[in-house]
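Novice: Chain by chain, the residues run as shown.
There are 2 protein chains.
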Amino acid sequence: MKAIIVKHPGGAEQLQVAEQPKPEIKSDELLINVKAAAVNRTDILSREGQSAYMTNPILGIEVAGVVEASGNGTEDKNGMRVTGLVNSGGYAEYAVMPADRAMEIPEHLSFEEAVAIPEVFLTAYQTLFWLGNLSKDETVLIHAGGSGVGTAAIQLAKQLTNAKVITTAGSEEKLQFCRSLGADVGINYKEQHFDVEVMKATNNQGVDLVLDFIGASYWEKNLNSINVDGRWILIGVLGGAVIENVNLMDIMSKRIKLIGTLLTPRSDDYKAALSKDFETKAMPLFEREQLKPVIDHVFSPGEAQQAHEHMESNKNIGKIVLKMDD
Amino acid sequence: MKAIIVKHPGGAEQLQVAEQPKPEIKSDELLINVKAAAVNRTDILSREGQSAYMTNPILGIEVAGVVEASGNGTEDKNGMRVTGLVNSGGYAEYAVMPADRAMEIPEHLSFEEAVAIPEVFLTAYQTLFWLGNLSKDETVLIHAGGSGVGTAAIQLAKQLTNAKVITTAGSEEKLQFCRSLGADVGINYKEQHFDVEVMKATNNQGVDLVLDFIGASYWEKNLNSINVDGRWILIGVLGGAVIENVNLMDIMSKRIKLIGTLLTPRSDDYKAALSKDFETKAMPLFEREQLKPVIDHVFSPGEAQQAHEHMESNKNIGKIVLKMDD
Chain E
107 MKAIIVKHPG GAEQLQVAEQ PKPEIKSDEL LINVKAAAVN RTDILSREGQ SAYMTNPILG
167 IEVAGVVEAS GNGTEDKNGM RVTGLVNSGG YAEYAVMPAD RAMEIPEHLS FEEAVAIPEV
227 FLTAYQTLFW LGNLSKDETV LIHAGGSGVG TAAIQLAKQL TNAKVITTAG SEEKLQFCRS
287 LGADVGINYK EQHFDVEVMK ATNNQGVDLV LDFIGASYWE KNLNSINVDG RWILIGVLGG
347 AVIENVNLMD IMSKRIKLIG TLLTPRSDDY KAALSKDFET KAMPLFEREQ LKPVIDHVFS
407 PGEAQQAHEH MESNKNIGKI VLKMDD
Chain L
107 MKAIIVKHPG GAEQLQVAEQ PKPEIKSDEL LINVKAAAVN RTDILSREGQ SAYMTNPILG
167 IEVAGVVEAS GNGTEDKNGM RVTGLVNSGG YAEYAVMPAD RAMEIPEHLS FEEAVAIPEV
227 FLTAYQTLFW LGNLSKDETV LIHAGGSGVG TAAIQLAKQL TNAKVITTAG SEEKLQFCRS
287 LGADVGINYK EQHFDVEVMK ATNNQGVDLV LDFIGASYWE KNLNSINVDG RWILIGVLGG
347 AVIENVNLMD IMSKRIKLIG TLLTPRSDDY KAALSKDFET KAMPLFEREQ LKPVIDHVFS
407 PGEAQQAHEH MESNKNIGKI VLKMDD
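Protein chains in written order, with the working numbering: chain E, 107 to 432; chain L, 107 to 432.
Just so you know, these hints were derived from the structure itself, not from any lab.
One or more of the hints may lead you astray.
Stated by the list, open to error - Computed Cβ-Cβ distance ranges for the label pairs, DEER-style: (1) L:Gly155 <-> E:Gln282: 44 to 52 Å; (2) L:Gln412 <-> E:Gln156: 54 to 62 Å; (3) L:Glu125 <-> E:Met305: 42 to 50 Å; (4) L:Glu213 <-> E:Lys387: 14 to 22 Å; (5) E:Met305 <-> L:Glu213: 26 to 34 Å.
Stated by the list, open to error - Restricting the straight-line Cα-Cα distance to at most 30 Å, the calculated cross-link-like pairs of lysine-lysine (DSSO-like) are: (6) L:Lys429 <-> E:Lys360; (7) E:Lys264 <-> E:Lys306; (8) E:Lys382 <-> L:Lys387; (9) L:Lys242 <-> E:Lys382; (10) L:Lys387 <-> L:Lys327; (11) E:Lys360 <-> L:Lys327; (12) E:Lys360 <-> E:Lys382; (13) L:Lys360 <-> L:Lys132.
Only a predicted model underlies this, so the values are computations on that prediction, with no experimental measurement involved.
Ideal Cβ positions, reconstructed from N, Cα and C, are used throughout, including at glycine.
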């Protein structure tokens, strides 16, 4: 089968289309005829050889496609259109998916739209609700509002709780798009001090939940922005990982819960339970078009290098997709 | 009435016995004829003028005594022997206690024993169970095992969950005492690297929960000692508050939950709910002598200065008590 592999750990130029053996499934797995795969930051880390859990020369952790074969220990789902997380090997004609993670694709969604759901919506869902316990009378600060997880989190927060959503982004175009998804307050972090704006927007209370993809460079301002008993979910370090001075009294006196998380290295059981909960509570909202996948650009397999470079330039709003049956 | 007040913010020499007006109660409060008060670190901060929530010249946040009057909006508890948290004014002949925090004292306990319960056992209970979600197959690392909260936490962890308890302390005497309370592993932090010993004692898995009273000076070793998905409750900074160079990737890759907390500034409702839950689940274990208050030394009111100096010297094992009816 055709697949996109990494020749040697390194830059985007290391990606190439190559012939690979068609994978075999175990009894609790599905073989997916992949129609679309999506690009994630974790793929870039894997490409660079920085990921400890990369076990497959084929990149990619989420796919949408048609079930071609179902393991003999699982329900026969042959022919079903599904999307979901795979452990690796997503950028390929065929991929293996644990059966208990497959989510059926709502009828009106294309494969390119469906593949824009799993990683970012599951991450946002896990972060907002499983870890952040967001409830409807609360306020959430979502950084990188134009990113894949950001656009998913804005929609989920509004549609599942009607919490007040404050978001940051680096351009007016991104902020307008965030508002169209339901954000109540948009802050341009290049032109304003986001902590000052957050305090204005919350009657000086601060927010109950912070979704932090940025890390070090936002540390002080996040501390200033969070309310007493606030939850602060750390899911990325785009602004650096190392903070020079942390005062633990700040964390104690505000009774902050700082929670680190990464979705990709979690266990199969965790991913299955998260997928199931999401499928029950959030997938119906895609059917009713209250939630929508956000696609920035669709590339062909031969354009994988451009797809990675596009993500690395941070200019995308929403997901970058590879249409595998091109 | 007789009370111990702070003349001016400063050292232990600022404490003096003085005549003060007998307090008046509101409809939801009890007037307690105080038989014993306990000394806490927060009293030292208040004495030094470092506490933002000190509103009373009389120190003290926990008492045991007899109810002398019950507010007209609450059940008549006159004559009942009770112990519990007060908002201030504990070092006195009479103190005011919100009625919904009063816990009845088991018959066989003296007032000096009973006053050794509220602050440290409620803090330990809140930290282990409300914030730390400790369960029976897990392992907890309790620092400062000889401290008031440490001795309470060791007992509660063993008696309510049978989790594996690893504790640190600075002398063999303290460690022996910790073992007598139920600790499975005792580590002398002055003679051993506690993180190395923790890994030995947990089959290189690390602990599921850390009770951290120490802060900065233990930061790296706590990071080394904690398991993936571990909870880390920060309740004191005896080893400093400021850490240089925190790498947020450590928190993300181990999916750590770092939770800051302080009990004293929490709301009345929180303290009432915590006291109620503790009274239901843990007080019966004092009646059956599965839990025991740990008293280091009982001082008379005229010895308040020595009592504070004794706490500041860090030599106590368990609680320092003032017997107020001396």
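Novice: If a hint holds in the structure, say so; if it doesn't, say that too.
Specialist: Each hint, compared with the structure:
1. L:Gly155 <-> E:Gln282: 44 to 52 Å: Hint holds: Cβ distance 51 Å, inside 44 to 52 Å.
2. L:Gln412 <-> E:Gln156: 54 to 62 Å: holds (58 Å)
3. L:Glu125 <-> E:Met305: 42 to 50 Å: holds (46 Å)
4. L:Glu213 <-> E:Lys387: 14 to 22 Å: At 51 Å between Cβs, range violated.
5. E:Met305 <-> L:Glu213: 26 to 34 Å: violated (53 Å)
6. L:Lys429 <-> E:Lys360: Distance of about 34 Å is beyond 30 Å: violated.
7. E:Lys264 <-> E:Lys306: Satisfied, since the Cα-Cα distance of roughly 20 Å is no more than 30 Å.
8. E:Lys382 <-> L:Lys387: Since the Cα atoms of Lys382 (chain E) and Lys387 (chain L) sit roughly 35 Å apart, the hinted pair is violated (cutoff 30 Å).
9. L:Lys242 <-> E:Lys382: Holds, because 27 Å separates the two Cα atoms, which is no more than 30 Å.
10. L:Lys387 <-> L:Lys327: violated (33 Å)
11. E:Lys360 <-> L:Lys327: holds (24 Å)
12. E:Lys360 <-> E:Lys382: violated (34 Å)
13. L:Lys360 <-> L:Lys132: violated (49 Å)
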